[in-house]
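Peer 1: Sequence:
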Amino acid sequence: MSKELQKNYSIGEEIGHGRFGVVFRCHSLDSGEVYAVKSVDKSLLADPVDLDGAEREAKIGQIAAAGNPHVVQIHSAYEDEVSIHLVMDLCEGGDLFDRIAAGGGAPMREEEAAELMQALMEAVALCHRRGVAHRDLKPDNIMFDGKGRLLLADFGSAECFGDGRAMRGIVGTPYYVAPEVAARGFRIGGMLWGREGDEGNRWDAVLRSA
Numbered sequence: 049m050s051k052e053l054q055k056n057y058s059i060g061e062e063i064g065h066g067r068f069g070v071v072f073r074c075h076s077l078d079s080g081e082v083y084a085v086k087s088v089d090k091s092l093l094a095d096p097v098d099l100d101g102a103e104r105e106a107k108i109g110q111i112a113a114a115g116n117p118h119v120v121q122i123h124s125a126y127e128d129e130v131s132i133h134l135v136m137d138l139c140e141g142g143d144l145f146d147r148i149a150a151g152g153g154a155p156m157r158e159e160e161a162a163e164l165m166q167a168l169m170e171a172v173a174l175c176h177r178r179g180v181a182h183r184d185l186k187p188d189n190i191m192f193d194g195k196g197r198l199l200l201a202d203f204g205s206a207e208c209f210g211d212g213r214a215m216r217g218i219v220g221t222p223y224y225v226a227p228e229v230a231a232r233g234f235r236i237g238g239m240l241w242g243r244e245g246d247e248g249n250r251w252d253a254v255l256r257s258a
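Those letters in the sequence shown? Residues 49 to 258, per the working numbering, in order.
Some hints could be false.
[To be verified] Quick list of simulated restraints, FRET-style, between CB atoms:
| no. | residue 1 | residue 2 | range |
| --- | --- | --- | --- |
| 1 | Gly60 | Asp128 | 29 to 39 angstroms |
| 2 | Met49 | Ala173 | 16 to 26 angstroms |
| 3 | Met169 | Glu140 | 41 to 51 angstroms |
| 4 | Glu158 | Leu77 | 43 to 53 angstroms |
| 5 | Gly194 | Ser124 | 38 to 48 angstroms |
| 6 | Ala173 | Lys107 | 19 to 29 angstroms |
| 7 | Pro155 | Gln54 | 45 to 55 angstroms |
[Said to hold, decoys possible] With a straight-line Cα cutoff of 30 angstroms, these simulated DSSO-like cross-link-like pairs (lysine-lysine) come out:
| no. | residue 1 | residue 2 |
| --- | --- | --- |
| 8 | Lys51 | Lys107 |
| 9 | Lys90 | Lys51 |
| 10 | Lys55 | Lys107 |
| 11 | Lys107 | Lys195 |
| 12 | Lys195 | Lys90 |
| 13 | Lys90 | Lys55 |
| 14 | Lys90 | Lys107 |
In case anyone wonders, no lab produced these hints; they're calculated from the structure.
Only a predicted model underlies this, so the values are computations on that prediction, with no experimental measurement involved.
All residues carry an ideal CB built from backbone N, CA and C; glycine is no exception.
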């Protein structure tokens, strides 16, 4: 773990892990505030493109999060010989996918779904005003803090746009691709129906159904 990181934060227990790294609970030695620190193992980023992508995700995430109450804030970043460490908001409330699954197939109340969609659209609108397209909106990337506040996360597929720059190619998760790609988009249906559709998560099946 980075010595510079440990000068400012006390590292606690592991709270999650993924393909490229581990997430720990931590707290600031100055303020006592509790955060999450995502440590990305650079040895697992064998392709220079992956390493550039991790650094790019952090930069784009900071642009999108600035002053945006519904985007996971990246508070600081550190790098050592082994890892890249990102200190960010702790999302103790889980994600929207888990919240839908916890309903056991029962639909979410329309009022609750509408409230969540309003918060999500506010987050996306602020991202767009800052020239950032998330490009992978799905329940897994919609998190909640300990007070139930919605937070948009994971800017690994995000891209900056503007000045005539075109974004090409199909990016994202098949079942949640944007409407101009597959005429579907991030759908409120999972919340209202308590389940997703029957097309699966393959590009060919989803595009045919669109």
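Peer 1: Each hint needs a verdict: does it hold in this structure or not?
Peer 2: Outcome of the hint check:
1. For Gly60 and Asp128, the Cβ-Cβ distance of about 19 angstroms falls outside the hinted range of 29 to 39 angstroms, so the restraint is violated.
2. Range check, Met49 to Ala173: about 37 angstroms between beta-carbon atoms, so the 16 to 26 angstroms window is missed.
3. As the Cβ distance of Met169 to Glu140 is approximately 24 angstroms, the hint placing it in 41 to 51 angstroms is violated.
4. Our hint of 43 to 53 angstroms for Glu158 and Leu77 holds, since their Cβ atoms are close to 45 angstroms apart.
5. Between Gly194 and Ser124 the C-beta distance comes to about 20 angstroms, which lies outside the given range of 38 to 48 angstroms.
6. The hint said 19 to 29 angstroms for the Cβ distance between Ala173 and Lys107, and at roughly 21 angstroms that hint holds.
7. Between Pro155 and Gln54 the CB atoms are about 46 angstroms apart, so this pair conforms to the stated range of 45 to 55 angstroms.
8. Our distance criterion of 30 angstroms between C-alpha atoms is met by Lys51 and Lys107, whose separation comes to about 22 angstroms.
9. For a cut-off of 30 angstroms, the pair hint linking Lys90 to Lys51 stands: about 16 angstroms separates their Cα positions.
10. For the given pair, Lys55 sits about 23 angstroms from Lys107 by alpha-carbon distance, which is consistent with the 30 angstroms threshold.
11. For the hint pairing Lys107 with Lys195, the CA-to-CA distance comes to about 27 angstroms; that is within 30 angstroms, so the pair holds.
12. With a CA separation close to 33 angstroms, the supplied pair Lys195 and Lys90 exceeds the 30 angstroms bound.
13. Between Lys90 and Lys55 the CA atoms are separated by roughly 21 angstroms; this keeps the pair inside 30 angstroms, and the hint holds.
14. As the CA atoms of Lys90 and Lys107 are separated by approximately 17 angstroms, the hinted pair is consistent with the 30 angstroms bound.
The structure shown violates the earlier hints numbered 1, 2, 3, 5 and 12.
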